[in-house]
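Engineer: Spelled out from the first residue to the last, the chains are:
4 protein chains.
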Amino acid sequence: MGMENQAKAAIRRDDFIALLDEHMPQVRQGGLSVRAMERGLCTMVATPQPDMVRAGGTLSGPTMFALADVALYGAVLSMIGPEPLAVTSNMTITFLRKPPIRPLVAEARILKLGRKLAYGEVLIHSEGEGEEAGELVAHATGNYAIPSTLSAEKEKMERA
Amino acid sequence: MGMENQAKAAIRRDDFIALLDEHMPQVRQGGLSVRAMERGLCTMVATPQPDMVRAGGTLSGPTMFALADVALYGAVLSMIGPEPLAVTSNMTITFLRKPPIRPLVAEARILKLGRKLAYGEVLIHSEGEGEEAGELVAHATGNYAIPSTLSAEKEKMERA
Amino acid sequence: MGMENQAKAAIRRDDFIALLDEHMPQVRQGGLSVRAMERGLCTMVATPQPDMVRAGGTLSGPTMFALADVALYGAVLSMIGPEPLAVTSNMTITFLRKPPIRPLVAEARILKLGRKLAYGEVLIHSEGEGEEAGELVAHATGNYAIPSTLSAEKEKMERA
Amino acid sequence: MGMENQAKAAIRRDDFIALLDEHMPQVRQGGLSVRAMERGLCTMVATPQPDMVRAGGTLSGPTMFALADVALYGAVLSMIGPEPLAVTSNMTITFLRKPPIRPLVAEARILKLGRKLAYGEVLIHSEGEGEEAGELVAHATGNYAIPSTLSAEKEKMERA
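Chains as they are written, first to last, in our numbering: chain A, 1 to 160; chain B, 1 to 160; chain C, 1 to 160; chain D, 1 to 160.
A hint or two may mislead.
Since copy identity is lost for identical chains, a pair holds within one copy or between any two.
Each computed DMTMM-like pair below joins lysine to aspartate or glutamate, with the alpha-carbon atoms no more than 25 angstroms apart [claimed, not checked]: (1) K98 / E83; (2) K98 / D14; (3) K8 / D51; (4) K98 / D21; (5) K98 / E38; (6) K98 / E22.
Keep in mind the hints are simulated off the structure, nothing from the lab.
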């Protein structure tokens, strides 16, 4: 599904990590890490921290949102290249089961790259459980707004 | 992805068609048809009708919503069996490109079957274009509420 | 709440009706009518038709989606003027109770008018029941994409 | 709009603060505070912290999500009473403008209290700017799942 293919990602994993550390240092300091990037795909992991835990011995909704949001950001950059100013336009997240206090894995993929918006989905499951097993913990979909300087350049190129 | 598997669907395609014709005759009269059902999956098609067309030579958003909604309903019933009273609790639909006036194919799959809610996603593309090609026309996600008589029975069985 | 004010709507109710009849004749033919327009606001009504009814003696989800979608479209046009090509970018609808078979009233209001997107919400209740009474039947939020010719003009004006 | 009224909130502001500190200490430690509670309404404030800031001199999306999520939780508890195990079922958040690095105010209100789900919306604006001024920074809607022990009790009472 989606736009993933064998083409090279527009940003390498190491460069995405450097961009995060420069512009959003809280991401990695907060326990989120970048596992893999391909064109149109980004996998990130949340390693449980005390501030992620909530009542009932589970991980909080905002933790899963933050993980989904940055994984989708990585997937967007894997297609448009390094762009600190791409921002979430909207996001819908559905919580499917309470995860145990174990690492969470988020797999984001782009379903549509437009001129102004990039749309994708994120599947979140607990480490060691596959999405195949129907064990999704959360599912998110959302749009990132692509900065207009970038989209203006793309448009000029398309029209040239 | 999801909960689809080789197990038999809890309702056969013919019985789903009969249920629609009895309880929601407008579905098939309005140009929507059931192409395929498996456990956790339902594929439906919208054949363009005059009232689906809108400005710009494209198919309307409400047409795509109606198609996504009933395809997800089919996918829910493929897991819980015939249940006229299952109703949509919420749905988010994102329109990704304006489709030409050609049949639309919606593929719904259940991502989580809970006791009270079933959650799934629907991918819509124009007939003859694959989702593989990155040519999605719309993407929807949503919850169906499972009637509590049914969920009460399920619960009793689970506890027994 | 929102951007509504005493300023004149950018399209009059009669002109919105004419635009619908020209570009989306199915709207009014299908039982939806325009009750009121102000700047940033549009009220529409769905008068029950046989094809709106579904199992359980209630009105269908797609009927409520279609009503919310066109009411939000009216609210967008009340701010940007007649624009047949504005299209829904995404919409989230939550169904709160099963409505009886009575007219449904949808009140749409714009919460943010941007250059590329207009965002708003729609409250739906049964005719004769107020939103004040906590009797909402459905609630929707969504974005409309503003055609870029229009947004390019707006941008030029803003920069001039 | 909604179900707010003069009736007493089912949890007092002080008791909600104590519940947060016991079950989700990260909320207040992270810079979020409870400003006001009424029945069906909860106002919370995010005071900027270093880990809330992101590229472009603005506050991050996950900060706004976390604020919206806990404000809606407060609004739910204002109707059902102290309930540590109520959890977000789904949430849609739309980011409307990049906020400056100033306190953010979130106003949550319940639009529907059902037996299993409570649905509401959250309006977020920068401190000192009113929602009246059309200056919303973000808007969220979502469902909280009400624990079934509680809903079973409510049901028994309703049937008695």
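Engineer: Are any of the numbered hints broken by this structure? If so, which, sorted upward?
Structural biologist: 2, 3, 5
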